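Working from the sequences, and respecting the hints, build out all of it.
Here the protein sequences line up with chains A and B, keeping their order. Anchor point for the first sequence: position 573 equals 610 in the numbering used here, and the numbering is continuous, going up by one each time. Anchor point for the second sequence: position 277 equals 389 in the numbering used here, and the numbering is continuous, going up by one each time.
Warning: the hint list may mix true and false statements.
Said to hold, decoys possible - Restraint-style ranges between C-beta atoms, simulated for each label pair:
| hint | chain 1 | residue 1 | chain 2 | residue 2 | range |
| --- | --- | --- | --- | --- | --- |
| 1 | B | Pro441 | A | Phe491 | 37 to 43 Å |
| 2 | B | Arg353 | A | Ser601 | 42 to 48 Å |
| 3 | B | Ala177 | A | Gly485 | 57 to 63 Å |
Stated by the list, open to error - Simulated coverage check for chain B against chain A, where a stretch passes if three residues somewhere in it have a Cβ under 8 Å from a Cβ of chain A:
| hint | region |
| --- | --- |
| 4 | 250-259 |
| 5 | 263-270 |
| 6 | 274-282 |
| 7 | 424-433 |
| 8 | 436-446 |
Calculated from the structure, these hints are not laboratory results. Only a predicted model underlies this, so the values are computations on that prediction, with no experimental measurement involved. For each residue, glycine too, the CB sits at the ideal point set by N, CA and C.
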Amino acid sequence: MTRLHVQLAAAAALACLALAPVVLSPFSVTLMNYIGIYSLVAIGLALLTGVGGIVSFGQAAFVGIAAYATAWVSALNGQSPWLGLLFGVALTCGVAAILGVVTLRLQGHFLSLSTVAWGLAIGFLFGNVDGLGRFNGISSIPPISLGSFALVSSAQIYYLIWGIVALVLLLGYNLLDSRLGRAMRALRGGNALVESLGINAFRIKLVTFVIAAFLASLSGWLYAHMSRFISPGPFDASMGIEYLMMTMVGGAGNLLGGVVGAAIVTLLKNSVQDYLPLIAKGASGQLEIVAFSALFILFLQWARQGIVPSIARYLPKIRRERPQPAPPLPRRPQPTPGELLLKVDGAERRFGGLVAVNNVSFEVRSGEILAVIGPNGAGKSTMFNCLTGALRVSKGEIVFAGRSITRDPQSRIAKAGVARTFQHVKLRPRMSLLENVMLGTYGRTSSGLFAGAFRLNRREEASARHEALMQLERVGLGDKPFELAGNLPLGNQRILEIARALAADPALLVLDEPAAGLRRQEKLRLAELLRSLRAGHLTILIVEHDMEFVMSLVDRIVVLDFGSKLCEGVPSAIRSDERVQEAYLGGVA
Amino acid sequence: MTSDIAAILAIDGIATGAVYALVAIGTVLIFTVTRVIFIPFGDIAAFTALTLAALDAKRFPGTGALVVVLACLATLIEVISLIRSGDIRLLPRALLFYLILPLAVVGIAWLTMRMDPPLAVRLVLALMLITPIAPLLDRIVFRPIADGTVLLLLTVSVALHFALVGLGLLFFGPEGVRTEPLTSFSTEFAGVLISGQTMLIVIAALVFSGLLYLFFDFTLVGKSLRATAVNRTGSRLMGIRPARAGTIAYLLGSLMAGVSGILIAPVNTVFYDSGFLIGLKAFVGAIVGGMTSYPGAAIGAVGVGILESFASFQSSALKDVIVFSLLIPILIWRSLASLHSEEEIEE
Chain A
38 MTRLHVQLAA AAALACLALA PVVLSPFSVT LMNYIGIYSL VAIGLALLTG
88 VGGIVSFGQA AFVGIAAYAT AWVSALNGQS PWLGLLFGVA LTCGVAAILG
138 VVTLRLQGHF LSLSTVAWGL AIGFLFGNVD GLGRFNGISS IPPISLGSFA
188 LVSSAQIYYL IWGIVALVLL LGYNLLDSRL GRAMRALRGG NALVESLGIN
238 AFRIKLVTFV IAAFLASLSG WLYAHMSRFI SPGPFDASMG IEYLMMTMVG
288 GAGNLLGGVV GAAIVTLLKN SVQDYLPLIA KGASGQLEIV AFSALFILFL
338 QWARQGIVPS IARYLPKIRR ERPQPAPPLP RRPQPTPGEL LLKVDGAERR
388 FGGLVAVNNV SFEVRSGEIL AVIGPNGAGK STMFNCLTGA LRVSKGEIVF
438 AGRSITRDPQ SRIAKAGVAR TFQHVKLRPR MSLLENVMLG TYGRTSSGLF
488 AGAFRLNRRE EASARHEALM QLERVGLGDK PFELAGNLPL GNQRILEIAR
538 ALAADPALLV LDEPAAGLRR QEKLRLAELL RSLRAGHLTI LIVEHDMEFV
588 MSLVDRIVVL DFGSKLCEGV PSAIRSDERV QEAYLGGVA
Chain B
113 MTSDIAAILA IDGIATGAVY ALVAIGTVLI FTVTRVIFIP FGDIAAFTAL
163 TLAALDAKRF PGTGALVVVL ACLATLIEVI SLIRSGDIRL LPRALLFYLI
213 LPLAVVGIAW LTMRMDPPLA VRLVLALMLI TPIAPLLDRI VFRPIADGTV
263 LLLLTVSVAL HFALVGLGLL FFGPEGVRTE PLTSFSTEFA GVLISGQTML
313 IVIAALVFSG LLYLFFDFTL VGKSLRATAV NRTGSRLMGI RPARAGTIAY
363 LLGSLMAGVS GILIAPVNTV FYDSGFLIGL KAFVGAIVGG MTSYPGAAIG
413 AVGVGILESF ASFQSSALKD VIVFSLLIPI LIWRSLASLH SEEEIEE
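Here's what the structure looks like:
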């Protein structure tokens, strides 16, 4: 399957959509309208939940804010629905931004619970605020009009709704394939990964959250002017859960899943309403929600992935072309070989009463490979985390390239030119090798939300793609750039992490136990790669406990034991040092 | 607001909070043992009140039918999974626990009811009928996805709540109920009238939390539950079955929720869907305790009760808005607190 095939399929789908009102009955068209309106929310939720990993139970509240805002502007104050759109979108995005700033730093399920909380609070508000019709709602909302042409019938507003859905899908897929979109897709890999790439995770989460709210607000605006009447019911907590249901049924990782999920849930609900009275007379209202919830639970038990990803697995892969040569990305000024690059001065880190790192000082000079070694529990990992900003030192100072980074957050240290790898490999398994390495170029590129959504970033993307391919070739993984990272064996995954780090054009490469879990051949390959990088004047700091791997590779070694520096020197000196032997072997008999 | 009104509101709040506290403790219990945030405990509480009201009115409560339906479903699922895994010899045991026991409970309740039992017996019957529901739901709904993420379990739990609300309407009807007060005693303390019901609620909350504490600290089963909460794999290696620990936790939690339902029924009118807000507010309390601490959850729940009481004095329409808005700062505080501990665990 090539790109052309995908475009043809999309065109065919569009043509079917355009013909639908001609063929279908008015009732079916109305149903389609609801599907379109719900799709918008579900697409936003797919972006937020499936891509960004933020589960929100409160999207219905955003739909409600926009619907009430436009109803207030148009029905109660007699202004144009278009002004209502402006007001609704601005208000929704504003509320979302405030809620996001307050809650998006929350961890895991705390974050989802907070969405339950504000979803409920806002939902209760609609029925209880004076001037918004309380539980009776607001009626006689005017239709949307284009010039003097009012979109009154369901077939008329149909084209507006589905036009917006199609546009949102197009822009959404563009965005996901851009610099910002890749950052969003990295969010599920955890904060440590995202920040290590020089990406401000909180900012990306906030942008994703506001985009989802924006899509919900579009949905709310369309809903208010299509049904011409609103009441608190469609925006309450149960609707928030229904939106989540749509997203999960469709397949949260995929934007199209939002549309498919919205269609399935809406049609299913509709047929449940049709058939249940036949089975159980008089109790249909109650059974509807029971049947519905039961189906949802069954679905989550049997197909957690959702429908679109399950089907997509059987479709032929899209064939892609190897990236073409492009103008190189800007490089950072590299330090001259031999110059002082990193200076750790009296670093100390305490956890309560435990001193994990105690008054450790050492220097790294440009162009060398330095290893920090030590037995288990020596404080290597803590030292590493302090260097990369994952932890702050309790005392002491860390200076990188002449600037103190002691208090800097991880992403700023990464931007300053420190690129790292992880002891437990952190890759995005569902992204290709090329995309994983492109994540590394985040700090060297600049295109934002609009450039990504409207594809104004082509030149930069081509450069980033070419840079990523070059780094893949440099580490020897250049033959299959479109393979999924999760399919690689562990040894190659570590190498891929190094390629990603190299794509950031670092001044210092910091490797956390790169040889852990590797087979002998893989270790040899890794050592060879690191030597070739040193030959290219890259400075490397390795934290490792595999002595054999370290001894044959590095220029100098710093030995830690019980949090303190034991000694420092060239490998041969360290090998014969009695203190080191004692620390590793428990004393010479 | 005068000090008199403040005192009345505070006492009212403590009584409401004590009811939430019982549900909150059940929520923490389930979460620590199974990682499920069991939102439907509120529904269990409401169903207990509705069951008691039906018993008072000499009608056989819909809970009976609900238990029978769930027992049949659970048995079916258990039998299928046993046959699939080839553990046929476990079948009699499965039938005993998932079919015969629940049906026996319903049967006993049905027979006893014909004898026009006194209030005390009706209370026991209501609790007996309600306790099988959560363990059966656990078998049907949660056991197949026990390895899922907390978020998946939470999503399923929320969906389950909606199913239960629908079932509640089906089995109990739309009418609200208010049961007879358990006592007509009242006393005056520092110039404020305190009803016997309020005192009963607080005493019951204290007694049940105390019993739970004794159970956890002084019985082997209690200790095995705590072990499962701390480390599932580890306790499994010690011969504790997580599924069994989960069932016990659900039984205990249902009992707590049932008691809270009985206590709240004479004070507030309870509808089939009243459970959601009880469950959520109890849950807010549980979060204040970090979802791990029983005293923390109880204190948090009482705090929510007092807050709600004062909020409804300010604006009865917006009381829920106020309570849930205040959850956000609490969540932030808890998240910061737990972030700190996570960081230390990682090292």
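Query raised in the report: Hint by hint, which ones does the structure fall short of?
Result: none
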